[in-house]
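Trainee: Respectively, the protein sequence lines represent chains A and B.
Every number in my numbering is 3 more than the matching position in the first sequence, counting from 1.
Every number in my numbering is 29 more than the matching position in the second sequence, counting from 1.
In short, the hints are calculated from the structure, not lab data.
Check before you lean on any hint, since a few could be wrong.
Far from chain A, some chain B residues (derived; all Cβ distances over 10 Å) [as the list claims (entries may be wrong)]:
1. Ala365
2. Ala430
3. Arg492
A short, non-exhaustive set of chain B residues, derived as facing chain A with CB atoms under 10 Å [to be verified]:
4. Pro78
5. Pro117
6. Lys121
7. Phe303
8. Pro306
9. Pro315
Glycine residues also receive a C-beta, built at the ideal position from the N, C-alpha and C atoms.
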Amino acid sequence: MTDLLELTAAAAGRAVATGDLARSEVWEAYRARAAADELNAFTWVAGADDAPPAPAAGAPLGGIPVAVKDLFCTRGVPSQAGSRIIEGYRPPYTATAVQRLADAGAPLLGKTNQDEFAMGSSNENSAYGPVLNPWDRTRVPGGSSGGSAAAVAAGLAPWAIGTDTGGSVRQPAALCGIVGLKPTYGSVSRYGMIAFASSLDQAGTLTRDVTDAALLYRHMTGRDPRDATSLEHPEPPGLPTAERLDGIRLGVPEELSGEGIEPGVRETFRQTIALAEGLGASVDTCRLPHAPHALSAYYLIAPAEASSNLARFDGVRYGLRAEGSGTLEDLYGATRAAGFGAEVKRRIMLGTYALSSGYYDAYYGRAQRVRTRIAEDFRAAFAQFDFVVTPTSPSVAFALGARTEDPLAMYLSDLCTVPMPLAGIPAISIPNGLSEGLPTGFQIAGPAFSEGRMLDAAFALEQAIGFDGSPARA
Amino acid sequence: MTTATANEPVIGLEIHVQLRTRTKMFCGCELSFGDPPNTHTCPVCLGHPGTLPVANARAVHFGLMIGLALGCELAPRSIFHRKNYFYPDLPKGYQISQYDEPLCRGGELGEVRIHRVHLEEDAAKLVHAGASGRIHGADSSAVDFNRGGTPLVEIVTEPDVTSAEQAREWLTLLRETLRRLGVSDVNMEEGSLRCDANVSIRPAGTSGLGTKTELKNMNSFRFVERGINAEITRQTALVEAGEPVVQETLHFDPRAGAITSLRSKEEAHDYRYFPEPDLLPVAVTPDMVQAARAELPELPAARAERYEAALGLRPDDARLFAFRGELGDFFERALAAAGGAEAGAPAVAKWTGQLAARLDSEDPAGSRVTPEALAALAGLAAGGAVTDGGAREVLDRLVAAGGDPAAIVEAEGLGALGGGDELAEVVSAAIAANPDAAERVRAGKGGAVGPIVGHVMRETKGRADGGEVTRLIRAALDGPDAPSG
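Only chain A is shown next, with the shape it has when bound in the complex:
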């Protein structure tokens, strides 16, 4: 049993393919692990009777089950997006990304806890309680895909998917010591992802290593006729094989590697840079002049879109309905007052204000202009560098409750991860060491659709770092 849990998903898939491991054995082992979850990582786990049908012959993912962030709609299975307002909601359809993985042989293991509507960086904004970090249960796993990150790090799931809007895959991956890939905007269908901020939301992977990330992503990507913003990947990545980084030029943006980064995080970052140079990469500083404004722009654009995306939760058709004193306004008011948590309400109000008549240009309009500048900054950087690298999170996992009273401190958790989704470009976080006994993350960002090269570079670094990705597993 221990052996099985030590395998990466790709390795387990190979073992199933060669007959060394029974598919049902993998399913049952993880199902039992997930069902015994002590981290509050899961909000729903497949039952003993829910064993998936055998995948089609030659299904590339070998029947290795996947944990899915709760905001992916799964037909007949609770999909609550961490919110009370759709508690018990069982969608009539399945998200494209989840369906593609199931078709490729990765059945649904369970739904993972998350910050409500993906709004948060610590998973403390879930209506279903915080998720605990498997490295230290007094600390947060990061967010918003905290349940997916904790489940993979703790060996409760072979691999998982999440969503990244401002860092919600990469930051929890960093804080839990696993690999988090946020692909190019549009390269994975958003159909069936309960929306937070439509122009930023992107499905991604949370895996034990880079190879698993490549494998899982390869079977999620592709144009979907149900998502008008989805695109066919011009060159879907294969499995990474690079051992060296010869000729690779890495840019280290001054704006995202100095001020605001914890010393311990800075130290592991410096070590990884040295390793990269040892593998043949050239490293130089670069400029992303508008990056310091990324958080401000993000916290206007994302709440603006959210204020509209969340309007559908009105108590009329599904989910919570709180009866008011009888008028329509009361129904809306009472339902939304009871159903949304504090952070969601804060962002709806921010976003509503930013879009209001007379304020639109000053807030939403200006934020969009900043966004354009940030995308231009990256374009300029990529003219000189293959990748831009930064620490993923400015800090290691912080204590539960440490930032809940200070939204701004919480928002700063996304300092290094917010610019990439604003530019629509892919980025990956790989674990690159420990600080104070807790994992740190190293982020590699590349131009749109550079996932293949990016995964190769991440793979080479991963081998060189040799991170032991297992917190003590219970």
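Since the structure of chain A is already known, use the hints to place chain B on it.
Mentor: Positioned in the frame of chain A, the structure of chain B alone reads:
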């Protein structure tokens, strides 16, 4: 202000047109009308979490056809916006519409300029249970999402309309244009064509604009006309009493003829428009424009011009047939049955018009009168075989029971009396019976011939030709005046 200062109305129209696509604007549900509630729905048009819209290419195509038909400028790139507000008929909490970059701008139809044409989705339908049938006083309300997401085109005019009657006539032209395009059922009762009117008044001859009010959702052209007139009357009374017109949205109740306020400017929504991030901009390619242009039929304005120029119809007839396309179609079939000769067109037009005046329905194709029969009747009348009066009587019989005009003339003895002895005798008798009139005609008062003509027409039950009768009377009374006919 004194009542001596006349006020003139300034009217702009906003028309919502449900497009006749197979499926909804942003999902694959089929359009329906009259099906059981909530049988044409899916997660997308019910606004389920996680769902996304995908724009209907056919709706864009129809939008371009409308833009071309109205002479608009087609935007090479237009974008969808979200219009945010809460209402139970709006499942997402926003309507996907277009805002500052619509599909089409400018243009004109007839004498009215078009401001813009844009695409959007329809709301669902609220059904109110209770005596009133309206939301006020309802016991409960239910939502039927079958209609939700139906493709709509909104056409906004410039404030070029100056009377309720003009509004009605222009809407008739617009409806016919849309019907010819085949893009909509254009049925106001079923809601596939809906009209709002922005109404203001100003001192006649001035160019400023007064405070406008918006009359919402009038569901027949007759109600549009009555509603606008009622609103003009109301505003005029306010202005004459020295009171201000308040900017507000109004409802016209056609049963009571009353106007009630729905909401004032202060209560107006802030819709928080922003670009719909789930959809790409609509990029209109030359191929798309070409495809839309290729499907344009002859439009009413061009049709009226052809009737006038090529067929020599009077402008009124030309407009009547062009703006009421079923009439035009019937006219053209009858003309073909008459041999298609251009020379016969005015006669066929005249009798098609006569037929239209006798029918309740708008489409003569549904009547007992065939185009062939009408052509035959026009031929009989034009050839003098039957007088106008006789032909009208034949037409009455055709409308009532159908049949062949020549056979009816024969059976009913409605044939025209020629210039033979029979008519001469009746004329002599009529002169004898109207000595005063006869004397005045002899004295040179040609107009006095009327009573004698009337006498002849009565005696002949309209079978005599009026011109011929007049000529005979004058010839009998005073030779030199004779060639007046």
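Trainee: Taking the hints in turn, state whether each one holds.
Mentor: Hint-by-hint comparison with the structure:
no.: 1; hint: Ala365; result: 48 Å, holds
no.: 2; hint: Ala430; result: 56 Å, holds
no.: 3; hint: Arg492; result: 71 Å, holds
no.: 4; hint: Pro78; result: 4 Å, holds
no.: 5; hint: Pro117; result: 5 Å, holds
no.: 6; hint: Lys121; result: 5 Å, holds
no.: 7; hint: Phe303; result: 5 Å, holds
no.: 8; hint: Pro306; result: 4 Å, holds
no.: 9; hint: Pro315; result: 22 Å, violated
Violated hints amount to a single one, hint 9; each of the other numbered hints is respected by the structure.
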